[in-house]
Amino acid sequence: MSRKNRKSIHVDKERSLLTHQNPKSPIAEQYRTIRTNIQFASVEEEIRTIMVTSSGPMEGKSTTIANLGVVMAQQGKSVLIVDADLRKPTVHYTFRTMNTRGITNVLTRQAELVDVTQETEVPNLNVLTSGPIPPNPSELLGSKGMDSLIEEALVHYDVVLFDCPPILAVADSQIVANKVQGTVLVVSSGTTDKEAAVKAKERLESVNSKLLGVVLNRKKMKDGSYYYYYAQK
Amino acid sequence: MEETISLKEIFAVLKKRLSLILLITLLATATSGIVSYFLLTPIYQTSTQILVNQKADTENGFDYNQVKTNVELINTYNVIIKSPTILDQVVEGLNLDMSTGDLNEKITVSNAQNSQVVSIEVKEPDPAQAVKIANTTAEVFEKEISNIMNVDNVSVLSEANFEGTPSPVNPKPVLNMAIALVVGLMVGVGLAFLLEYLDNTIKDENDIEKLLGLPVLGTIAVIEDKEVGSSKGKHAKKSVRGETVES
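Read top to bottom, the protein sequences are chains A and B. As numbered in our numbering, residues 1 to 233 make up the first sequence, in order. As numbered in our numbering, residues 1 to 247 make up the second sequence, in order.
If you're looking for bench data, these hints aren't it; they were derived computationally from the structure. Every value quoted in this text rests on a predicted model; they were computed, and no experiment measured them. Cβ coordinates follow ideal geometry from the N, Cα and C atoms, glycine included. There may be inaccurate statements among the hints.
Said to hold, decoys possible - A few chain B residues that face chain A, going by a derived Cβ cut-off under 8 Å, partial list only: (1) ALA192; (2) ASN206; (3) ILE208; (4) LEU211; (5) LEU217.
To be verified - According to the in silico footprint, chain B covers these stretches of chain A (three or more CB under 8 Å from chain B): (6) 50 to 59; (7) 101 to 115; (8) 149 to 163; (9) 169 to 181.
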């Protein structure tokens, strides 16, 4: 299955980075709305570490995080997207980068963060790919090394985004959620089960993560929808 | 939590599954039409009428009691017509390839209330055969009844025949299709609501707020290829309009 998915990711590459390819599209506008809402989600502290997860696979986590990263970078912030999905990494497909070294190398102290982050075609946007897939992703992500990785990343970047695996599938997301300032839950319209969404929320709450809100993905819009009012046609 | 369904929601569901409903309806109607026109053997019906009337032997013409007797006799005649005594002779006379029992099923004898006219209806796939059976039955009955009942009060009133092209009484394609249409429509609507009920997925912002109590940060529409592909056109437009919409 994963092979097939990867293939489709190649094909959908253009689609995934829509905000970069076509920054004036209404959908890019929708991502900018999400960016703004995240900025206003917290008043006391500026949220600089955000993770994106969903209840199940294929709901649009990676697309959401990539485009969110792009619109944040377009704002002039330096952004790092970290592929914390060590089981089925996809960030390197989305940004067409190598994945020979990545976060696992940093966490196992084989490399320094600054050496393995890669620039992308989007200005101000860097990515940290997964690196070699380890046998124990949960332990790696829960290690002290992860804390120092986040700390170091915050020195170099304004915003660090984490692409996580589905929360109901594995414990990885809960571990990361505990370490970041804010969590965004992606829900796919017409795909995400109601019960699964509730369970995902409960899991995130159980690790005291700050749930910033939900991104409703793949919603079918009518042509006359107000989203299309400005940017198109 | 009590769920209320508004009229608007019902229409929304119907509209959403309109294609499904139409498909099922169309399919049912078409199937019914095909079955009626091509698969079912058409059955033709013909009838002959027999008058049961004693020849008036008094000079005052009709005697009320006589008429009444005749009408009551008809009940007996109805049974006699369908008895093997008559039908065996019909089968023999026409060299029919069926048993008396089969023939019995094809013949219906009836009379209107208080009428002296008995009609013998025959339903048969072959119209010519139907006519033959009806007429033969009437003739045999007319002949035999004098032997059986010792009366001579039966005469054939009208012979069975087909004028022009016979049209089958069964199946009735239009009626069948109409029934299938209604049934298909009902099944379609029922299925639409069932699917809606079974669909336990999150659809829109309302679901999220009701279910999770979390703010919706944003909604991303289905990304269509035209939006990605038109990036060049967008840039061209940009220079014309010269403004950006930033949040």
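**Item:** Residues of the region 149 to 163 of chain A with Cβ under 8 Å from chain B, three needed, outcome
**Value:** violated (count 0)
**Message:** Three residues or more, CB to CB closer than 8 Å: is that satisfied between the region 169 to 181 of chain A and chain B?
**Reply:** violated (count 0)
**Message:** Hint validation: ASN206 (chain B) versus chain A, beta carbon distance must be below 8 Å. Holds or violated?
**Reply:** 10 Å, violated
**Message:** Restraint: LEU217 (chain B) near chain A, CB-CB cut 8 Å. Satisfied or not?
**Reply:** Interface hint status for LEU217 (chain B): holds (4 Å vs cutoff 8 Å).
**Item:** ALA192 (chain B) as chain A interface residue, shortest Cβ-Cβ below 8 Å
**Value:** Nearest chain A Cβ about 16 Å off; hint violated.
**Asked** Quick one, is the LEU211 (chain B) hint okay against chain A at 8 Å, beta carbons?
**Response** 6 Å, holds
**Prompt:** Three or more residues of the region 101 to 115 of chain A near chain B by CB distance under 8 Å?
**Reply:** n = 0 at 8 Å, threshold three: violated.
**Item:** Check of the region 50 to 59 of chain A against chain B for coverage (Cβ-Cβ below 8 Å, three residues minimum)
**Value:** It is violated: at least three residues are needed, and the region 50 to 59 of chain A offers just 0 whose Cβ sits closer than 8 Å to chain B.
**Request:** Using Cβ atoms only, decide whether ILE208 (chain B) comes closer than 8 Å to chain A, and label the hint accordingly.
**Result:** It holds, given that the least Cβ distance between ILE208 (chain B) and chain A is near 5 Å, below 8 Å.
In summary, the numbered hints that this structure violates are 1, 2, 6, 7, 8, 9.
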